[in-house]
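Novice: So the protein lines, in turn, are chains A and B.
First residue of the first sequence: 806, per this note's numbering; consecutive thereafter.
First residue of the second sequence: 3, per this note's numbering; consecutive thereafter.
None of these hints come from the bench; they were simulated from the model.
Worth double-checking, as some hints may not be accurate.
[Unchecked claim] One-sided and incomplete, this derived list gives chain B residues near chain A with beta-carbon spacing under 7 Å: (1) Ala44; (2) Pro45; (3) Phe47; (4) Gly55; (5) Tyr72; (6) Tyr74; (7) Ser85; (8) Ala86; (9) Phe89.
Using N, Cα and C, we set each Cβ at its ideal position, and we do this for glycine too.
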Amino acid sequence: ETGVTQSPTHLIKTRGQQVTLRCSSQSGHNTVSWYQQALGQGPQFIFQYYREEENGRGNFPPRFSGLQFPNYSSELNVNALELDDSALYLCASRQDELAGELFFGEGSRLTVL
Amino acid sequence: GQSLEQPSEVTAVEGAIVQINCTYQTSGFYGLSWYQQHDGGAPTFLSYNALDGLEETGRFSSFLSRSDSYGYLLLQELQMKDSASYFCAVRFHSNYQLIWGAGTKLIIKP
């Protein structure tokens with residue numbers, strides 16, 4: 806048990822639609838990051854939020870956006886879904902920006918048809 | 003560019019010792035982490051090397067040599083439950099992003 810929960814666990818969307826994935830971090834963890842993991846590959850960093858501000862971003866287009874809320878919850882929004890967006894989306898929290906250990910949720914598996 | 007290389011698959015026998023290597027081509031990072039991921043599950047943290055040298059946590063040890071751009075994860079007294087994928091990852095000073103290797107699938111035979 807990592808104390809990080811994600812919803813929904815599975816969902817199916819069609820091309821062009823929009824999706825919102827949710828994450829609830831451990832209490833006291835000010836930093837949350839989101840990752841995309843395609844089958845058989847390592848997670849790819851999407852972005853990181855620290856105290857409700859985005860402070861790091863990977864190589865993902867602007868249609869990937871996020872929010873972090875004061876109650877340690879966060880969202881990942883993806884607009885104009887493409888087939889290649891099908892993946893496992895992982896949320897991870899850490900105690901602060903420099904902490905070495907990430908605590909991951911079980912992920913949301915998105916299928917885009 | 004920034005990249006990490008690790009073997010795609012390693013096979014070992016229950017009770018044995020196995021080493022999973024990770025080489026990287028990058029600079030300016032905080033440290034090297036290792037994560038375990040079972041099929042369909044979330045990555046779970048195993049170890050973190052901020053400094054060169056060996057870190058030991060129970061049956062797992064991890065090593066980092068910045069001068070050699072190399073690290074490894076050592077698993078001792080292998081158990082069937084250790085069958086999983088193992089990822090090395092580095093975090094950068096610039097934007098805090100964590101770059102991951104493609105993972106090593108560890109297969110353990112009785």
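Novice: Taking each numbered hint in turn, which are not upheld by the structure, reported in ascending numerical order?
Specialist: 4, 5, 6, 7 and 8
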